[in-house]
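Using the sequences and the hints given, assemble the complete structure.
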Amino acid sequence: MTLALRRGGPPRAPRLVLRFALLTGIALAIASVAIFVMVRGFVTTQARDAVEQNTRFVAQAVLARELAPGDFDQGLNSARRRALVQLFRQQVMIDDVQSAALYDTGGRLAFSTTELSGAQAPPRQTAAEIRATLAGQKIRTAVEKTDGPNGSSRTVLRQLVPVWFGDHAAGVLVTERDYAPIARSVRATFVPIALVLEGLLLVLFVSLFPVLRRATRQIDSHIEEIEHQALHDSLTGLPNRVLFHDRIETALANARRTGGRAAVLLLDLDGFKEINDALGHASGDELLRELAIRLRGTLRDTDTIARLGGDEFGVVMPAGGADDVLETAGRIHDAVDEPFEIGGLSLAVKTSVGGVLYPDDASDADTLVRFADVAMYAAKRNRTRIELYNPAAGVPSRESLSLGSEFRRALETGDIVAHYQPKVEVASGRIVGAEALVRWDHPERGIVLPSQFLPVVQKAGLMGLLTSLVLQRAAAEAATWANDGLDLGVAVNVDVDALLDPAFPRRVAEVLEETGLSPELLTIELTETTLMADPIRAGYVARELSAVGVRLSIDDFGTGYSSLGSLTALPLAELKIDRSFVGRMTESPTDMAIVRAILDLGSNLDLAVVAEGIESARARELLEELGCTLAQGYEFGSPMSAARLAAFLQSLREVDYLQLTA
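Residue numbers (this note's numbering): 312 to 973.
Hints in this document: simulated from the structure, not taken from any laboratory.
Nothing here was measured: the structure is a model prediction, and the numbers come from that model.
Quick reminder that beta carbons are idealized off the backbone N, C-alpha and C, glycines included.
Keeping only pairs whose Cα atoms sit at most 20 Å apart, straight-line, the calculated DMTMM-like set for lysine to aspartate or glutamate is:
#, residue 1, residue 2
1, K584, D648
2, K449, D360
3, K661, E638
4, K661, D645
Label pairs and their calculated CB-CB ranges:
#, residue 1, residue 2, range
5, S657, R929, 53 to 61 Å
6, E535, R495, 58 to 66 Å
7, P761, D634, 37 to 45 Å
8, A593, T897, 54 to 62 Å
This is the structure in C-alpha cells:
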C-alpha cells in the first residue's frame with residue numbers, strides 16, 4: 312500500500328456512501344427499465360394469447376362447423392351472403408371485433424363483414440401473407456395502425472386464422488379488433504406488478520444505507536488505523552521516521568516562506584542496551600514509553616518529536632538560532648535526568664543530543680539529519696551531552712562508511728585478531744605479562760591499526776561486541792599459555808561503555824569460567840576518562856570486577872583529571888604511566904619530575920607502576936635509576952601474534968634465559 316502524506320490533516324477515507332448511491336441508482340434505473348419492459352411484454356403476450364385462443368375457438372368450433380368450402384369462392388349468391396352476414400354478426404363480431412373477412416387460398420377476398428354496415432373497409436391481405444399463414448398452420452397476429460372513419464387513425468389487432476375442412480385448407484379468416492381495450496387491460500395488469508417490484512427495489516436500496524454507513528465507519532476507522540501505524544511508532548505512539556522526514560520538509564517550506572530558521576535534533580539514551588540486557592526488553596519498552604511521554608510534555612506544540620528506531624529520537628522545530636536549539640536540548644536533558652521508575656527500580660538515564668540549523672548548516676532534510684547524527688555522536692564521544700553541528704568536525708567519509716560495513720562482517724569471520732606486547736621487568740628483562748592490542752587483519756588492506764577503525768566502531772555502536780571479542784580471545788590465549796607452563800598475565804583495555812555496564816563483571820566471570828583462566832592472570836585496564844564519565848557507576852562496576860578476582864589497572868595515568876581521593880576509593884592494583892611523559896623525560900625535566908612523582912605515588916599506595924612507551928636504552932636506564940620495575944615498549948618488543956609470542960617464550964625457556972634481546 313502506498314500512503315500519500317496529506318498536508319493539513321490526516322488522509323480522508325473514500326466516500327463510499329456517495330459512490331454506492333450513484334452506482335446503485337444507475338443499476339436500479341437499468342433494472343427498473345428492464346423490469347418494466349419484461350412485465351409489459353409478459354402481460355401483453357398473455358393478453359394476445361387470450362385473444363388468440365378466443366379467435367382460434369371461433370374458427371375451429373364455430374366457423375368450421377357453419378361454413379362450407381364454397382363460402383371461400385367468389386361469386387356467392389345473395390342468399391348465402393345474407394346467411395354469412397347473420398352468422399358473422401352472431402358468432403364473430405363480438406369482443407371488440409370490428410371487421411372480418413374470408414380469403415381463399417389464393418389470397419382473393421371471398422366475403423367481408425363490411426356488408427353488415429359498409430362503415431369499414433375489409434381487412435386487406437396479400438396473397439403471400441395468406442400462403443404463409445396456411446403453410447404455418449397457425450394464427451398470425453400483428454398490431455397495426457389503420458385508417459379509421461373520418462380520416463382518423465386507429466390501432467387494431469389483426470389476426471389471420473387458417474380454416475380447415477378435414478385435412479383440406481379452405482382459406483383464411485382475417486379479423487381486426489380494436490386494440491385500445493387490450494392495451495387498457497395490459498396497463499391495468501402490468502402497472503401494479505411493475506410498481507410492486509420497483510417498490511421492493513427501492514426498499515432494498517434504502518435498507519442498505521444503514522448497513523453501508525456502519526461499514527463505511529468501520530472502513531474509515533481501519534484506514535485511519537493503518538495510516539496511523541504506517542506513520543507512527545507502535546510502541547510510543549510518536550511519529551516514525553517517515554512522518555518525521557515529512558515534518559522536516561514542512562518545517563523547511565515554512566522557513567523558506569517566512570525567511571526563518573528550523574532545527575533538527577537527534578538524541579539517544581546512553582547505556583540503553585545495558586538496561587535491556589539487565590532488565591529485559593519489557594522493561595526497556597516501558598522506559599521508552601515513559602520517555603516519550605516526558606518528551607511530549609517538554610516540547611512546544613509547534614515542535615515534532617519522533618521515534619526513529621531503538622532508543623533514537625528526533626525533534627524538528629522552528630528556531631530563531633543556536634540558543635533556541637540549546638534551550639530545547641537542555642529541557643530534554645532535564646526531563647531525562649529525572650529517575651525512571653521501571654519494574655520497581657529507580658533508573659538514572661542519560662542522553663546525548665546533537666543539533667543542526669537550517670539554513671546555516673544544511674538546506675535539505677537528508678543532510679540535516681545526517682549532520683545532526685554527527686553532532687549527536689560528537690556529544691557522546693566528548694561526554695558533553697549536547698553538541699551543535701561543527702563543520703570543522705567533518706562527516707563520515709565514504710571510506711569510513713565502507714570500513715563500518717566491513718567491520719561487522721569481520722567480527723563474524725574472525726578477521727579481528729589480538730596482538731600482544733610484552734610487559735617486562737626493567738632490570739632483568741624477564742617477561743611477566745602481555746597487553747592485548749586489537750588488530751584488524753583485513754583481507755585486502757592488510758593489518759589495520761585501531762586508530763583507523765576504532766572511531767568507526769564507536770560510531771556504529773560496536774564497541775561492546777569488540778570488547779567482548781578481545782576479552783574472550785585474550786583469556787583463551789592466556790589459558791593456553793598457562794597450560795603450556797607459561798604463567799603470563801594478560802591485560803585487556805575496556806572502554807567506558809563496558810565500565811558503566813552493570814552486567815560487565817558477570818560477563819568477565821563467564822569468560823574466565825569458559826576459558827579456565829585464573830582470575831589473577833587477567834588485568835582489566837581502565838582510563839581516567841572512563842572513570843570520570845560516571846564515577847558512581849564506574850566505581851560500582853570496578854568493585855564488582857575486583858570481587859571477581861581480576862586485577863584493575865589505570866592506563867594512560869597522568870593525562871586525566873581524576874582526584875587522588877577517587878583513586879584510593881577504587882580497588883586498583885596498577886598504574887600505567889602515559890607514554891607521552893616517558894617519551895619526553897630524557898629531554899624534559901618536567902616530564903622527568905612527573906614520572907618520578909607517579910612512581911612515588913604508586914609506591915605510597917602500594918600499587919604496581921608500569922612505564923609505557925620505552926623506545927630507547929637511555930629511557931630504560933633512567934627508569935631503572937628511578938626505581939621503576941615494570942615497563943612496555945618497542946625497546947623490549949613490538950606487538951606480536953599469540954603464536955609468535957608463545958614460540959618466542961618457549962625458545963627462551965629452553966635456554967633457561969627469559970630475556971629479550973635487540
